[in-house]
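Asker: Taken in order, these protein sequences are the chains called H and D. The numbers in our numbering rise by one with no breaks, and the one at position 33 of the first sequence is 33. The numbers in our numbering rise by one with no breaks, and the one at position 356 of the second sequence is 356.
Quick caveat, the hints were computed from the structure, so don't treat them as lab data. Some hints could be false.
What the hints assert, rightly or not - Some chain D residues close to chain H (C-beta under 10 Å, calculated; not the full set):
#1 His29
#2 Cys85
#3 Asp137
#4 Asp139
#5 Cys351
#6 Ala352
These numbers were taken from a predicted model, which means no experiment stands behind them. Where is the CB? At the ideal position from N, CA and C, for every residue including glycine.
For reference, the chains in residue letters:
2 protein chains.
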Amino acid sequence: MNLLDVVPTPAAVVDEARMLRNIARMQRHLDGHGVKLRPHVKTSKSVDVVRRQQAAGAEAITVSTLKEAEQFFAAGFTDILYAVCMAPGKLDRALALVEQGCRLQIITDSLQGAQAIVAGSQAARRPLTVLIEIDSDGDRSGIQPGDDLLLEVGRALHGGGCSLHGVMTHAGSSYECSTPAALLRVANQERDQCVLAAQRLRDAGLPCPVVSIGSTPTALSASGFTGVSEVRAGVYVFFDLVMAGIGVCSTDDIALSVLTTVIGHQRDKGWIICDAGWMALSGDRGTRSQATDQGYGIVCDASGSPMPGYVVSSANQEHGIILNRDTPLQQQLEQRFPVGSKLRVLPNHACATAAQYTEYCVLARDGGLQTWPRFSGW
Amino acid sequence: MNLLDVVPTPAAVVDEARMLRNIARMQRHLDGHGVKLRPHVKTSKSVDVVRRQQAAGAEAITVSTLKEAEQFFAAGFTDILYAVCMAPGKLDRALALVEQGCRLQIITDSLQGAQAIVAGSQAARRPLTVLIEIDSDGDRSGIQPGDDLLLEVGRALHGGGCSLHGVMTHAGSSYECSTPAALLRVANQERDQCVLAAQRLRDAGLPCPVVSIGSTPTALSASGFTGVSEVRAGVYVFFDLVMAGIGVCSTDDIALSVLTTVIGHQRDKGWIICDAGWMALSGDRGTRSQATDQGYGIVCDASGSPMPGYVVSSANQEHGIILNRDTPLQQQLEQRFPVGSKLRVLPNHACATAAQYTEYCVLARDGGLQTWPRFSGW
């Protein structure tokens, strides 16, 4: 008898013991480097999860939406970095949070953005706390450390009465690494480029108390954090197959899985049909570009042990097709995986898979089952 | 001044006039063929949308989850086909709906599934209404019409006291077509294989009143529906870029778009950064395998007119990178698309994109803005 036998499928299952191990590992790692951890809560969007990160030593948090900021502030979290460049139309919500006592930090990487922030801040007579986003690897947003725009934006914010709090960056290209050497290179570059930007601001007489960097792969790979105030990381709380492919965790560390029920077979093709399609797994195919493409996820038995070779090879809205990619024509599929039996799927990308659910079904440390709510939307 | 100026981003925008045109087109098409339309509500999961399909003439609906069945039954819809093979663990919920007066039809494609349905039905002393799923194109689930398993399953259900209501199929391979000839072939095959299965059941003395087939591409492509009772189709209500790539609609028919705000630029690369990442657009990359890969979606101006060449070329959780793929190095990006300006993105797959939202922001036929709730989950 398995605890999960009674859980309706599909469900997002969290193995609390694994999650706590992941939380402890990252906290211990950064504590050892003497740098603060600011977890990114976009992965779990769950107060129950983030309280455990907090209990391990992480006070401040990072968010990807103002809804996350609002929800976590309402739950008692006060030190919040909203790590997506501010849209002028969202300033009212940011100002409302500050008004209520939230120590919200926002970011920008443009003069237009800075000017809008200054205008909003002045109109509300409430200085906003702002970091400038730095482009440390050419992957997405941010100002390059050597670009004069950095100083222009800094002066616009500082001169406009905002609190210029520092610089931040995220080396998204770390997700494309697959060797420790490549990870080390990207991690050190992320750190060095952001520290360089901070130095340029300070050399120009502008304040820059904070240097905030990070991603799960770089947080675990940098040779050191000299000059860095804090490290942001999100997906480490659950880990996933993309992270395993990069090499910063093993599949045994993955704390999130999707519980699914077998609903049919195609004997001649060796297919097991289950009720976890892309709605339950997400459409994320992040392992497609890695050395081993894991399809829509690695299939485990109901206890969570990976079954060698079995992946969700294809997904429709509410159907997943499971196949053994090593030995496609498996014998006695119906006897081994009868209709009604349960399986679990390790996800490519925990942030995307978790986002398909309104709650986690938690295999709690105490041996029981718990339900932890999570939220979605903006 | 645009009506959408005040709408927080990202948002799922529905153009009601386009949607009504899509609804009318499919209804008229199938009315003309004298066959019943049973819309699949998994696309919208919105009572407001489906009431408009009902008003156009579609009484009965198709669902992909029991939650959809429960929600739509609570909203007054009584004739519901749950078109995913029944998991034994979900029989209680199906029986509860039947108990309350819902004319629920369920499906199976296996002897194990049929036996579980019979057992559940007998234990509850309530006959369930069951269709057998037919595999018409080797794409996913179902029993091949010539397989003796068809008769075994039919006998198990009929002999076990269930109401054997007929056969159903879905030619998912129609999504891989790109020419009218290929569509016609798949559509006629879907019909012929399902009609053949019905005939085999009837020849064996088993009841088979209903022959249910369909997908949006095949519904619009079959040469006729002789022998067919009803056609199921879902995504036509909004249409999307995958459907446009298949050739069954134009981009002007697409009634769903994602409203997004510009939050930055990378001038040297010609990138516009917006606040619609994969969380807002979904991770669906359904056009990747089509003749024209549309990235994460075609970019339109705020009024909904596609801007030639512009696509969301890359997406992170809350960031989209917009690029003109014809002329990547656009001049004066910041002047033409300032921070704070709004754009709209046509989605690859409307079912997946809509699923990321809890409501639709509707550009209503009457010229106003409306909010229509939608639901998610199982």
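Asker: Does each hint hold? Answer for all of them.
Answerer: Here's how the hints hold up against the structure:
This hint is violated: His29/D has a C-beta 23 Å from the nearest C-beta of chain H, more than the 10 Å allowed. For Cys85/D, the shortest C-beta to C-beta distance to chain H is roughly 4 Å, which falls under 10 Å, so the interface hint holds. Checking Asp137/D against chain H by beta carbon gives a least distance of about 12 Å; that is not within 10 Å, so the hint is violated. The interface hint given for Asp139/D holds, since its Cβ lies 9 Å from the closest Cβ of chain H, which is under the 10 Å cut-off.
For Cys351/D, the interface hint holds, the least distance from its beta-carbon to any beta-carbon of chain H being 6 Å, beneath 10 Å. Look at Ala352/D: its Cβ gets to within about 6 Å of chain H, closer than 10 Å, so that hint holds up.
Hint compliance for this structure: hints 1 and 3 are not met, and every other hint is.
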